[in-house]
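Novice: In case you want the letters, here they are:
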Amino acid sequence: MPKQSPIPDELDRPFWAACNEGRLVIQHCTRCDRLQHPPEPTCAQCGSADNLEWRQVSGRGRIYSYAVMYDTPVTVLQADQPFNIVVITLEEDPGIQMLSHLPGTTVDQVPWGASVQVEFETTPNGQKVPEWRVVG
Amino acid sequence: MATEYWPNSRLRTKTGLGVWEHRGKVAVAGIGFAPTMRRWDGEDLSTSVGALTIVAAQKALDDAGISKGEIDGVVACPIGMGDNWGPESVTGRPYFAPPYDTEDGLIGTSADWLVKNMGLWNAKSTFHGAACFNTAMSVGAQVVGDGLANTILVIRGMGNPPGRYHQAPDTNYSGPRQWSAPFDWRLEPLIAYGFDQYCRKYGKTHDMVAPFVLNQRRNGLLMPEGYYAQHRPETPTKEDYLAARWVVKPMCIMDMDLPIQTAVAFVVTTGERARGMKQKPVYILTHCSQRGVVRSTTETLDETEAFAANIAGMCYEGSGLTARELDVFNPYDGYTLFTQYYLEAFGWHGVKRGEALDFYAGDIRVEGPHPFSSSGGNNGNGRTRSWGQYDCIQQLRGQAGRRQVRIKAETAIAGAFTPGTSDWTVYSTSPD
Ligand SMILES: [Zn+2]
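These protein sequence lines are chains Y and B, in that order.
Under the working numbering, the first residue of the first sequence carries the number 1, and numbering increases by one thereafter.
Under the working numbering, the first residue of the second sequence carries the number 1001, and numbering increases by one thereafter.
Since the hints were derived computationally from the structure, they do not count as laboratory data.
Keep in mind it's a predicted model, so treat the numbers as computed, not measured.
Check each hint, because a few of them may be wrong.
[Said to hold, decoys possible] Here are some chain B residues pointing at chain Y (derived, C-beta under 10 Å):
no., residue
1, 1173
2, 1180
3, 1183
4, 1188
5, 1245
The beta-carbon is built from N, C-alpha and C at its ideal position, and this holds for glycine as well.
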């Protein structure tokens, strides 16, 4: 569904560039062997900027929880009300969450705990964003 | 020089700090609320939020029985609640002649604005605490305790100009919002999904919140200063709650407080000075501020519960009180779907994790044995994030009128806003 476009900046450009190539990458600290998202200039655990890299992940995850939006102040989303807003946790680390409108799933019929797979949706400025679809 | 924001580093944001160094040495000596209105009409400057803040401040001075010359400092949360008034190029609304030629006085009230326009000639120290009256109270308690001022006004003006607020016509986002905005992830979905998670974890349902909301509205009608008592003396039913439209399911419109325009002011001074003023002093035992950091994109239920536990830990440690010693309890309810975290974390009246919604089914009326949120909160009075603080003072003075609790009222806690970001004050009738 139509949504607002992110504008990449210096810090997160690799994330958004990967999305445009159909890949999901997450910031990873090699010293702590720890993923972090959203990306930060330094690792939240060791405080260092020197060991951060971008790691491609499987794009598989699980539905953590959800809400159904009926009255959004965001103009571009109002035509699609009501819609699902779902919190996804990544297979590689359930402590990392991403958000989704869960395309293909009926409003308020979200299968709690179900497996999901990432896909990429083009937003109005051409930037692709990660979306998620229930699998299996 | 413009007044500076009080830094988080000078707030009490963690456990392990021990009893507050100024415990019982600082007191609230006066309180005042301006009249409420749903929205400002955009024309009558005598009801601007700045003008209302002067009204509230004068009421607080009168309540304390002091003159404005005795005020030597002001702490404000200078940020309003609603959207900005201007600039004209964006909103089509021109500013007015001074002192209404900027946002100050139209959407919020800064300490400097009040000093200048109320003629607080002796107020040499001004500080800002954002973004809540409760933050300003924490700052104010510390300012007086540290001796940066002796007798101060702590204020917040809440402007609500015409029109639906926080509408978002933007089509692009950069910075932190780019992760959440495309999916419409804001505070409301966060609270709603957190409540959904809470219900799954503890086997509860949304309809179980109804008794709490209805009791808030009932308490609100017993608060003469509140919006509903002044303008909409309604008594909604459980059926109304169950039929209320979803805003973001499982949060309905009756779970959300109503934006209003008004202003609040407290006189805060040293305990010693307060004893020489008109009212029975209400002593501050401690204050604390939660500034939680989440690991990833949003806040999980585990993080929310940990934040709430940290708040309770800071309040109890800093004040030296235990849950058993806490009488009046006014945790924030601006979204009624997060108040249970506070109730459970503080363990008020023995409520444990997962038990709050069952507790709501009991007798929580102000006349009863468990007068939870005796203020009626923001759900019962309109959005100010300060009714809880106001009620704590009235209850401990024995001046809460028809809301006066029948249980002992010697200690009290109020705070707002979310479990992740909030500020809290602990009060007592005794400085010891
Ligand atoms: Zn690291």
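Novice: Could you run down the list of hints and mark each one as holding or not?
Specialist: Results of checking the hints against the structure:
Because the closest C-beta pair between residue 1173(B) and chain Y is about 5 Å apart, less than 10 Å, the hint holds. Given the 10 Å rule on beta carbons, the hint for residue 1180(B) holds: about 6 Å separates it from the nearest Cβ of chain Y. For residue 1183(B), the suggested interface contact is upheld, since its CB lies about 4 Å from the closest CB of chain Y, less than 10 Å. Contact between residue 1188(B) and chain Y, as hinted, is supported at the beta carbon level, the nearest pair being about 8 Å apart and thus within 10 Å.
Because the closest C-beta pair between residue 1245(B) and chain Y is about 7 Å apart, less than 10 Å, the hint holds.
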